[in-house]
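S.K.: This is what each chain is made of:
Protein chains: 2
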Amino acid sequence: MAFLTDDKLVIVGAGGAIGSTMVQTALTMRLTSNLCLYDVVAPGMMGVMEEMFHCGYDGVTLTATTDPEEAFKDAKYIISSGGAPRKAGMTREDLLAGNCAIARGLGENIKKYCPDLKHLIVIFNPADLTGLVALLYSGLKPSQVTTLAALDSTRLQSAIAKKFGVKQYEVTGCATYGGHGEQMAVFGSAVKVKGTPLYDLIGTDACSEADWEQLKKDTTQGGAKIIELRGRSSWQSPAYCSVEMIRAIMGGESFRWPAGTYVKNEKYQNIMMAMDTTLSTAGCTYQMPKGTAEEMAKLDQSYAHLCKMRDELVTLGIIPAISEWGKINPNL
Amino acid sequence: MAFLTDDKLVIVGAGGAIGSTMVQTALTMRLTSNLCLYDVVAPGMMGVMEEMFHCGYDGVTLTATTDPEEAFKDAKYIISSGGAPRKAGMTREDLLAGNCAIARGLGENIKKYCPDLKHLIVIFNPADLTGLVALLYSGLKPSQVTTLAALDSTRLQSAIAKKFGVKQYEVTGCATYGGHGEQMAVFGSAVKVKGTPLYDLIGTDACSEADWEQLKKDTTQGGAKIIELRGRSSWQSPAYCSVEMIRAIMGGESFRWPAGTYVKNEKYQNIMMAMDTTLSTAGCTYQMPKGTAEEMAKLDQSYAHLCKMRDELVTLGIIPAISEWGKINPNL
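Chains as they are written, first to last, in the numbering used here: chain A, 572 to 903; chain B, 572 to 903.
If several chains are the same, the list does not tell them apart, and a pair holds so long as it fits within one copy or across any two.
In silico BS3-like pairs for lysine-lysine, Cα to Cα no more than 30 Å straight-line:
1) K738 - K763
2) K689 - K738
3) K838 - K763
4) K765 - K647
5) K787 - K763
6) K733 - K644
7) K796 - K879
8) K734 - K644
9) K765 - K644
10) K644 - K738
11) K733 - K647
12) K647 - K738
For the record, the hints were derived by calculation from the structure and aren't laboratory data.
Using the sequences and the hints, build the whole thing.
M.R.: Structure (structure tokens):
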């Protein structure tokens with residue numbers, strides 16, 4: 572079976588649950604013949620490497636390293652799940668500051684070791700912010716950096732399918748936009764349930780207004796449900812969806828969900844958030860989502876919330892004031 | 572993307588590390604549009620189900636149940652990882668009695684709920700014995716039941732590649748036969764390193780006789796290495812290789828490694844062990860491996876070891892004496 576590319580793909584955080592699943596998914600999809608595992612801790616990563624050797628993937632060159640220079644040299648694609656998880660006693664700000672500092676290091680390593688990188692996908696939380704920081708310090712173009720936002724849309728699709736007792740793939744047009752936190756904007760306008768517009772069904776016996784509110788709540792809290800059932804936050808779905816994203820960027824099958832992208836238009840500026848995106852070998856392009864006045868107002872709120880977090884990063888000294896960004900990355 | 576089949580595939584032990592990875596691998600490979608998760612414990616399995624929903628696999632009907640009747644009804648393919656795992660310090664043989672009782676239940680459920688099953692793959696250890704017991708009680712034909720044996724061969728390939736400093740796929744013809752325990756027979760006769768027969772290289776500066784003994788040892792202990800590095804026994808590679816097996820059985824890409832199969836020929840009888848196998852929609856066919864006198868003697872030893880374990884099962888009352896097998900399964 573042919574590979575989609577022979578360009579080097581680096582999985583950052585390859586020793587972790589998400590990273591190891593990304594490695595295996597990328598190899599199973601036969602995305603590239605050249606895959607590098609990178610992690611700051613060796614034993615877990617080497618265990619993943621051994622497992623991949625034992626899979627016997629044909630025609631693949633695998634490397635593994637804890638040295639960022641060795642990992643990033645000649646890299647053309649990077650997916651990074653390499654953040655620190657939130658631990659007991661940590662405030663949200665601690666997580667924000669800690670992971671954004673990691674994202675800054677990621678961006679700086681890209682600028683230093685692989686400025687010719689084609690695309691970076693950032694998936695560690697809060698991804699809207701870590702993605703923004705990594706973009707800033709990487710020197711890459713906005714079209715070259717995306718964040719994982721798809722899980723909110725697939726959770727919406729899943730929640731609606733359960734509610735109406737249909738197969739998940741019979742629910743189409745699901746999307747959430749804006750931030751990837753609980754302040755996301757859930758868009759129902761384009762959703763169809765077996766061909767019938769969702770908004771024609773809301774308020775009927777099949778789905779009350781309160782039910783719809785609950786569905787939106789289930790969507791924003793889909794991640795918490797996994798923690799409840801499996802005893803830890805999700806890893807299979809973030810790994811899978813982010814590898815689907817890089818597949819589209821490599822020229823493979825198109826990606827069906829929104830991605831987080833850098834936005835600078837008449838309404839929203841200097842922020843990373845989920846928009847109506849298209850991923851291809853040209854990178855990520857976006858347009859404004861179309862929705863009801865209520866949905867657009869929700870998107871405004873989500874944007875405002877993200878701006879607040881971004882400004883916090885300025886206050887914390889992790890990123891400079893927006894007016895200074897052009898000095899670090901002229902593409903912004 | 573089309574599916575290989577619409578027949579029902581059941582993953583037994585779907586809530587576990589191996590099972591959940593098999594579910595995801597089968598869906599990522601788009602083997603079937605009809606996949607059922609089965610486990611005796613609900614929460615973990617439902618967590619896997621949620622994760623798969625969040626992946627948004629298109630066109631797939633997923634079900635999950637703790638009821639064997641619901642799971643097995645109309646099943647055409649089953650892969651079972653549903654045994655108790657091996658813990659650090661335990662040999663595969665330690666697991667014998669407990670997991671063979673589970674295998675008996677698996678076979679009985681197949682006979683009761685899905686006698687039209689096309690193929691069963693058993694991967695919980697000691698797989699040679701659990702596979703044999705499941706075959707006996709399932710009533711299936713020998714060609715319809717296989718066990719996972721591939722990891723020994725991929726570990727051999729990996730060990731040789733490291734030793735000679737070549738890419739893993741440049742080492743060809745790797746195979747181990749007989750049991751999947753430490754008594755396996757490692758065959759080097761057909762191995763080539765970048766086109767050069769391995770046996771021409773052994774005894775040279777590149778690889779002493781002692782080095783070759785060490786390589787064989789590394790092969791038989793490849794699983795222990797994973798426990799050492801990751802703190803638990805392997806899950807990504809057994810999941811991946813067993814899904815590759817069922818893909819071949821479904822008519823997909825051919826499977827490149829030996830599988831465990833029921834053997835009854837002039838030399839070996841009434842045993843399940845790795846042979847030179849071919850997997851296809853016709854099931855599993857095999858021929859005797861070809862090797863040096865020393866290798867064949869090692870295979871005899873491995874067979875004798877398996878017979879001892881099989882006879883232990885008779886003594887323990889888990890299976891009847893061989894003379895009685897035909898009453899339970901006329902195909903044997």
